[in-house]
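A.B. asks: Residue numbers (our numbering), protein chains in the order written: chain P, 1 to 304; chain D, 1 to 304; chain Z, 1 to 304; chain S, 1 to 304.
Fair warning: there could be bad hints in the mix.
Copies of the same chain look alike in the list, so a pair counts if it fits in one copy or across any two.
What the hints assert, rightly or not - Straight-line C-alpha distance at most 30 Å; calculated DSSO-like pairs for lysine-lysine:
| # | residue 1 | residue 2 |
| --- | --- | --- |
| 1 | Lys167 | Lys116 |
| 2 | Lys108 | Lys56 |
| 3 | Lys50 | Lys299 |
| 4 | Lys6 | Lys167 |
| 5 | Lys145 | Lys299 |
| 6 | Lys108 | Lys291 |
| 7 | Lys56 | Lys167 |
| 8 | Lys108 | Lys243 |
Quick caveat, the hints were computed from the structure, so don't treat them as lab data.
4 protein chains.
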Amino acid sequence: MDTATKVIGFIGLGNMGRPMAKNLLKAGYDLVVYDLMEEAVTDLMGLGAKRGTSPKDVAERSEIVITMLPSSPHVEQVILGPLGVLAGARPGLLVIDMSSIAPVVSQKVAAKVKEKGVRMLDAPVTGGTTGAANGTLTIMVGGDKEDLAEAMPIFEHLGKKVIHVGKSGMGQTAKVCNQIVVGISFCAVAEALVLGVKAGADPVLLREILNSGSAHCWALDQRIPHVLEGDFEPGFMINLQHKDLGLALDTGKDLNVPLPFAGLAFQAYSAARAEGLGEKDHSAVIQVLEKLVNVETRKGVNAN
Amino acid sequence: MDTATKVIGFIGLGNMGRPMAKNLLKAGYDLVVYDLMEEAVTDLMGLGAKRGTSPKDVAERSEIVITMLPSSPHVEQVILGPLGVLAGARPGLLVIDMSSIAPVVSQKVAAKVKEKGVRMLDAPVTGGTTGAANGTLTIMVGGDKEDLAEAMPIFEHLGKKVIHVGKSGMGQTAKVCNQIVVGISFCAVAEALVLGVKAGADPVLLREILNSGSAHCWALDQRIPHVLEGDFEPGFMINLQHKDLGLALDTGKDLNVPLPFAGLAFQAYSAARAEGLGEKDHSAVIQVLEKLVNVETRKGVNAN
Amino acid sequence: MDTATKVIGFIGLGNMGRPMAKNLLKAGYDLVVYDLMEEAVTDLMGLGAKRGTSPKDVAERSEIVITMLPSSPHVEQVILGPLGVLAGARPGLLVIDMSSIAPVVSQKVAAKVKEKGVRMLDAPVTGGTTGAANGTLTIMVGGDKEDLAEAMPIFEHLGKKVIHVGKSGMGQTAKVCNQIVVGISFCAVAEALVLGVKAGADPVLLREILNSGSAHCWALDQRIPHVLEGDFEPGFMINLQHKDLGLALDTGKDLNVPLPFAGLAFQAYSAARAEGLGEKDHSAVIQVLEKLVNVETRKGVNAN
Amino acid sequence: MDTATKVIGFIGLGNMGRPMAKNLLKAGYDLVVYDLMEEAVTDLMGLGAKRGTSPKDVAERSEIVITMLPSSPHVEQVILGPLGVLAGARPGLLVIDMSSIAPVVSQKVAAKVKEKGVRMLDAPVTGGTTGAANGTLTIMVGGDKEDLAEAMPIFEHLGKKVIHVGKSGMGQTAKVCNQIVVGISFCAVAEALVLGVKAGADPVLLREILNSGSAHCWALDQRIPHVLEGDFEPGFMINLQHKDLGLALDTGKDLNVPLPFAGLAFQAYSAARAEGLGEKDHSAVIQVLEKLVNVETRKGVNAN
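Given these sequences and hints, build the entire structure.
C.D. replies: Shown next as structure tokens:
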């Protein structure tokens, strides 16, 4: 790989984008960065990045542009807006949107950039800020295989697993589907543990039993041990789980797919936010039910 | 172990009970059996079991009595009824109820037999008819450790994993909690797969992606591969998943624990029953949603 | 009407049954009463009723037997049990069960008494303890028209509205359907009012607007004015609404009719019970949501 | 009233806006209209309206501007966009947005126009196309009382009932709350009727019973008689009920108010849309459940 020849534009230097951009700098890429937060830009410039004055400017100066933004409207604005990426893009530019946004918006943006001869991949990730920092994200990609092949050398510095899901928007679709299952999963586990504890069971033992059979799931396996210790630090924040379930519901709305469980889960995370738990780990959704029935599913409760 | 000295009473020779009783005969135990279905009794007698004329009679002639019955009222009737086990039990008899019933009923029955000096374990199982036939069930036990120690030599011929969950009723509680998570799990996975397919994703690839990350669960891992092949043979029947969620809801009702997700799942399995899917595998609950939106999540759909 | 010639047996002298029985005494009927609560029996005897020693004894001494009991198992026991009504009934006896129980249980009991030549009506009521005291209940009747005609002179002293819904069990069915709508209604109204107040609306005005258009319903019209005053006295208790939704869900289960909204409402009333609101009016279910989002929908809040 | 002195701008000549604009022309107002649909503009011009070339142009030529648009983004674009109303508004102009949109968007737009000295009312309506044609809408108004006083002479030609709900956004809030209750109401009634019919009840009689007691609601009273006749013509379309519940959920999301029942109702109307019922009356949501359990709640079914 000849990284020295590539200039990468990087737009969006938040909790996820900043460590990702740093990994690319470390890997030897030239970066032109843009963010509204001056402090983030200065930080990156201290590590060798150059400042772009607008997404348009970034696009004009880069061979590949990566965007990592909070929501669908941001992506539309940054890519399609008057001073956006597309306004500065030469034909053939490759735009990689790694934000988690609505699949339909992703497809719409991809279609618009394509009209101008610009190529686009949607490439949302899982793995959180830890994965971003360590370059161990899972990256779900929608778009042309050839474009993915071109992006692979970059992705190798960002993640440990890259999956080509299908055409434009399919990366976002896979992400959304994943978030449906994990989001509901924590609600299911909450009901089982709270009921069990109320009935007199030791939650440590109960988790072990459930995790060893047909109730086995990532939530029980990876996150409930923290819950049992009273540790609700993210991990993956309630606010983000809520946002992602919102994307799922929007997608269901667009495609007329009823999603009663995802819909109920969205409301459960809303209740968690109302409880002030927005910045806690998604496992903290259990606290809503714990409060309603006045029990705690912690180590030591009902222990023999 | 000196199995020759033990006479075991076995009441309930249905799909689960019959193969379990056979495993005990094979292991060298003397069995006195009882069931309303004459054919099942004759079958066991052909293998060396003796016939009991009533649960009372079985109890009078046995050192340990095992019950494996369809529901809470059956257990109450068979153990506490006028011709029931308790009526024929000498003090110190050990009754092992391996049925899946309401935890509160289990606790009530245990309390009543204890008044007469009779001991009781609740010991529901997972693993289905295959596990029953192969002696590889998982057995969740509630009751005294000493009584479990006495039952262990028998359990070794029935299951490969025996867990002491806690006091009376805790075996049933663990089972019910397990069934909450697995029952909801299939509903969550159904929404994710149907939405994904409607959005254009290949369900085979989508399942692989979801199963490899935070959406990982037993349902995706073990049962969805069958769904993708169009195979809905049980496994574990919709009717039983529906029954077990009903037990969970009854338990939530008794303990005032709201269970909105389990409640919604119960209704989803009701809808599956209304579709005539009662004797299919619980994964078939996905067909309700598939029908509503007119897609199928099968291998080959949206394949690249 | 020649009431003097009728002896009525009355079994179940609780909050509802006792004032109903008194109305019949006032109307000139001879009553033979039975209840486990000695105090209730003594009270009625002071007004001229005679004591029955068992449901069987009551049946032997009466021309018509009315039962007003808390739940399905009570009705089964009192009518079909060893010392029950049927054991003492001569052919042609008319049994009127005014309890609110599962339609299927009602039908089963009716079928069993019919085998012995005994007639039965199911005749559950709405109107609460006030209606019982004032003789202004609404009575929903299932069974033969001829039997209803015979019961009418009695019903005239108990209720102001008697509806023949259909064959056996249809009285209970109508009651259950009614309770589905009213139970969900309070949950719907709760979401609208809490959301409105959180958004800054005056709940008094909001209730007025909603009640004047397509959101108009009995809950808004009759009960929310009390909520706005902070008055949650029953009316109709959370515990009873919860019980009746449970009957609805049991009926849905028996008939394979999925009831996701009734199911969710059941859980909402469970949450209300967990909050200690079981003996408050069903409108108090709004307090669960109020607590979750920390607002109160009372007069004066957000008032201009 | 001196209507001759007022020039009204009217933007949005759809199913609702067009008949409303016509009523204002009939009342003697001068109208400057704008819509993307040429045919609608021509129609109004035939009745004496003048054409505006953009929302900006309309604003420049009017004393009061009314907008009647399909959704939040349309309102934002038409009022705040580069060629929007605000761009052409002189200080003191009164903008009346009669669209049904998200309360928070309404408040945001009102705040922005206020910065430029422009006044705004949110004034969504109920009553449908019939109410629009007959000038019998109900109008729920948010904003200053003085501005409402100024708008009253106009509203008198559009509706028969005008309610001042409160400050900016409160009109939209009241509308959204109303739609929560009515939307859930049809789902509740659907469960009751389908369960009743499945149990053997005559739906005509059942509706009558329910409507006469605590289950009484607008849905049962006004719309179910049409359902019983198999008539599902709107009325108020599934698509609009779905849209309005979406606004409710967005509002709940913004304010962190969990809305599990509205959320579930949204999914039920999604299922109805998936069934191709989007342009049927909202009562047609019952068809989803009817299909799942294979019954019809129509006159004649189970009739005695």
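A.B. asks: What hint numbers does the structure not satisfy?
C.D. replies: 3
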